[in-house]
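Protein chains: 4
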Amino acid sequence: MRLLFLGDMVGKTGRTAVWERLPGLISDLKLDFVVVNGENAAGGFGITEDIYLETINAGADVVTTGNHVWDQKEAVSFCERHDQFLRPANYPSGTPGKGSGVFYARNGARVLVANIMGRVFMHPELDDPFTSAEAILSACPLGEQADAIVFDFHAEATSEKQCFGHFVDGRASFVVGTHTHVPTADHQILNGGTAYMSDAGMCGDYDSSLGMDKEEPLNRFISKMPKGRFEAAHGPATICGVGVEISDRTGLAERIAPLRIGPRLTETIPDFWR
Amino acid sequence: MRLLFLGDMVGKTGRTAVWERLPGLISDLKLDFVVVNGENAAGGFGITEDIYLETINAGADVVTTGNHVWDQKEAVSFCERHDQFLRPANYPSGTPGKGSGVFYARNGARVLVANIMGRVFMHPELDDPFTSAEAILSACPLGEQADAIVFDFHAEATSEKQCFGHFVDGRASFVVGTHTHVPTADHQILNGGTAYMSDAGMCGDYDSSLGMDKEEPLNRFISKMPKGRFEAAHGPATICGVGVEISDRTGLAERIAPLRIGPRLTETIPDFWR
Amino acid sequence: MRLLFLGDMVGKTGRTAVWERLPGLISDLKLDFVVVNGENAAGGFGITEDIYLETINAGADVVTTGNHVWDQKEAVSFCERHDQFLRPANYPSGTPGKGSGVFYARNGARVLVANIMGRVFMHPELDDPFTSAEAILSACPLGEQADAIVFDFHAEATSEKQCFGHFVDGRASFVVGTHTHVPTADHQILNGGTAYMSDAGMCGDYDSSLGMDKEEPLNRFISKMPKGRFEAAHGPATICGVGVEISDRTGLAERIAPLRIGPRLTETIPDFWR
Amino acid sequence: MRLLFLGDMVGKTGRTAVWERLPGLISDLKLDFVVVNGENAAGGFGITEDIYLETINAGADVVTTGNHVWDQKEAVSFCERHDQFLRPANYPSGTPGKGSGVFYARNGARVLVANIMGRVFMHPELDDPFTSAEAILSACPLGEQADAIVFDFHAEATSEKQCFGHFVDGRASFVVGTHTHVPTADHQILNGGTAYMSDAGMCGDYDSSLGMDKEEPLNRFISKMPKGRFEAAHGPATICGVGVEISDRTGLAERIAPLRIGPRLTETIPDFWR
Ligand SMILES: [Fe+2]
Ligand SMILES: [Fe+2]
Ligand SMILES: [Fe+2]
Ligand SMILES: [Fe+2]
Ligand SMILES: [Fe+2]
Ligand SMILES: [Fe+2]
Ligand SMILES: [Fe+2]
Ligand SMILES: [Fe+2]
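Sequences listed follow chains W, P, Z and F, in order. Here the first sequence stands for residues -9 to 264, numbered as in this note's numbering. Here the second sequence stands for residues -9 to 264, numbered as in this note's numbering. Here the third sequence stands for residues -9 to 264, numbered as in this note's numbering. Here the fourth sequence stands for residues -9 to 264, numbered as in this note's numbering.
Calculated from the structure, these hints are not laboratory results. Among the hints, a few may not be true.
Within a straight-line C-alpha distance of at most 25 Å, the following computed BS3-like cross-link-like pairs (lysine-lysine) qualify [claimed, not checked]: (1) P:88 to Z:214; (2) W:88 to F:217; (3) F:214 to W:88.
The following block holds chain W by itself, in its conformation from the complex:
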């Protein structure tokens, strides 16, 4: 099974690039399942219902999010209406929306996707991501109710990301980090068979600070005073993601490689899909 994950879409340039390229990628690469993180799709801050719908239209099977999920007020309500929208699972019970779900891939496989947030340097008041993952895996184990299991682990610290990967190693198909907006080159298949990559990077303008226009962030580092607002950068976007080949038999990963398309970073397509 061929699964593609695309990192945080940032602003108009990021989401437009995904909308334009994703349909072609799905048909060219014969993708069975696509997950896209959309937490920064609306000008860098959250996601609107229209953007969500357009991303699903472009071929995403699931849209995940992260700490920016509620930046657009409407997310609090539309998250309840759309089955393919995930917010981090480790919000407390009673939070609108859901953090995981089982979805059907184009090849008929049942894919459990879970969106979990890290806490280190991030969002200490969320529930324990490890406990949260354990509950999700217990309720729907790989090889039983799920043919593949994917975690979008939205976190800052590489230690927490790597430990999370080891924690679910052998019990999930794929763990991919998001949130730093920088793609890492440490993709590997862990000892137990789980594909792992610390961060997928973002889909956005890499001539920027995390996809945001660099002027104000740089100003704040230098002057320590706000001058303007944070706005999404609007140069051409580079799409960053990662492709994983998942065994139909075991649900574990067979291959993992990055996908990058755009002007700023080294372009690459998983060679096992070419």
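For this one, chain W is given, so just place chains P, Z and F with the ligands on it according to the hints.
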């Protein structure tokens, strides 16, 4: 001019891999200058004088460090005796050792190397890294007292790293991040001609948590209680670094590409050096 | 019912002062119940079994702790043997020891004591303190299984402390903060009848940095480099705590006032007990 | 010399209480000098020019601030026009306004007032508060260009506050902390003669979370999702501050005691002024 930077050596497996491979890399790739970060070389915590000397013997021109610089007590004294050893420049005045220096490359070029630490999520009590860089660049501008300028920016947050890159863009040859122990795939040449990469990754065992044996870090995430000590992992190391081709004329970067050698990550050598 | 809470005993000077003065206070003030925080009693770092036992001998009904609970390795085992020892309740299930318990006061009242840790600026990986408190209160509500309920809320941020107070207001007799080692003067009875004080302060040497010898902490703020170790200060201790008069009928608070005995701070005894 | 310091005015209720009571306090207590922290005077966020002027009219000799100084955009410009307005001194050079100044007290004494911000848990990117204080004290030493020296040290962590106190002990008349909005009871005269208190508390409604309406802060702790905005509480305010008697001869402190007037906390006036 051909410059190679290698990320944080972690533990015995990391430093041994560097010592074994670096001499061959220098001759095979005709390297003019090599910088190695050594802050975790002694069992994950700091660096001893012997390890420093062995690293210089293996061909490093400069050894940089980071937040772990003082973990081995002896560093406080030996840092004063060795010219090619750098601690972060933004420690307060009066701190032993030095944070930057000008060194001669094999091709005769004067290379300014500076080691600076970020503050976000890290070490808030250090001096401002941006002010610190400004002072270093003013005292020794590119094209005047320096033919090449390299910053090892030891930091956690990608926002701070990227803003730092933009801050010195056009005034330095190369900014490379260290500290997360995960190589990033965002190497690029910024608009002003400075080569940039958010993190070089580590030289260590990538079947681990940041190069440390994963058992105790994972235990702490799960049980929230210490059980044992943090120890360096001892599986085979992957060397992670980055190569930059610097213009002899302008001191700015012409090419940048990662270098990775070892069993866990995708191996690669800058193709412009093959 | 007369309840006395004493803040974190720090080092030998702090614990000795408590052991010497507590028996007299209990008889002079006719105290029904005494809780003492002991997380820094062993040289500033954790607590040993001997210190725990001596504190119980001196008249404490319960010893609470905080983030330093496991600093002395032996705590991991002795916490299981001693009924009157509490570690923070919001450690994950499976953690040795317990975070709350019901104890009998000298007047026969059943006193529920719970030790909970805040997360802001502190210990993000613990379970949600608010959820944790809710579970404790549901299992043993005031006026049903408990005649009085006391929370030692061990936390850094005043916002989290105050919100915690409001959260249990009317459902607990008393919320007292610990951890900052500085007594606050904001004791009051909240609208619902719960006595509240942001921090009890410590029992230790107030010519110090948080009860620790001030030389090394000050050195680190100035030089940013470790020079020596952190050691408890050894000047004469000031005992800091707070007294609460709890209604035998409702279990809510009728009076609250600080208690401070020692050379450095303004001495005071709750006037309603004189 | 009689100096009164009042903690952060929060919102309309806080500033109004100060405006109403300060003139009477100045005449009744024969105050020579008054400093008021105004960083939350405008609805909890920053301060406007009108509020500043009214506070000066009410008798404040200096208005200090903190991390909220720039919340109201107009502060960036009016800070330049008003001599008695201070922002934290450890903003980088080039920041509008000033962080310290020498002012004349009613008794003719020259009073150096400096506003400095801590960094721990706060604002890591500011300049080192200790270095900043050193520079201020060197330029204008006690007993030479200044007859009294007061620091408003705006910080979160009690360790940083206490170490700051020890750092300037014997070289300043008075160090008072602000920012936690909770008055502490640890006022004392340090060994070298400097009066010290970890936090002055706020002038605001103490039936709140830090002076803000408690509903939204509590909601965020419970639900982890924003529901509304943060708004200043509007119940009756308690004025919190501290009085210091400073020797006309040495500039060091002779007496220190809190001042609290209002409905929620125990009222008190320095007894040496009665
Ligand atoms: Fe993001
Ligand atoms: Fe994020
Ligand atoms: Fe490192
Ligand atoms: Fe580091
Ligand atoms: Fe403590
Ligand atoms: Fe503590
Ligand atoms: Fe404030
Ligand atoms: Fe503040």
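Do the hints match the structure? See the list:
1. For a cut-off of 25 Å, the pair hint linking residue 88 of chain P to residue 214 of chain Z stands: about 14 Å separates their Cα positions.
2. A threshold of 25 Å between alpha carbons decides the hint, and for residue 88 of chain W with residue 217 of chain F the separation of about 18 Å falls inside it, so the pair holds.
3. A hinted pair counts as satisfied when its Cα atoms are at most 25 Å apart, and residue 214 of chain F with residue 88 of chain W qualifies at roughly 14 Å.
When each numbered hint is compared with the structure, no violation occurs for any of them.
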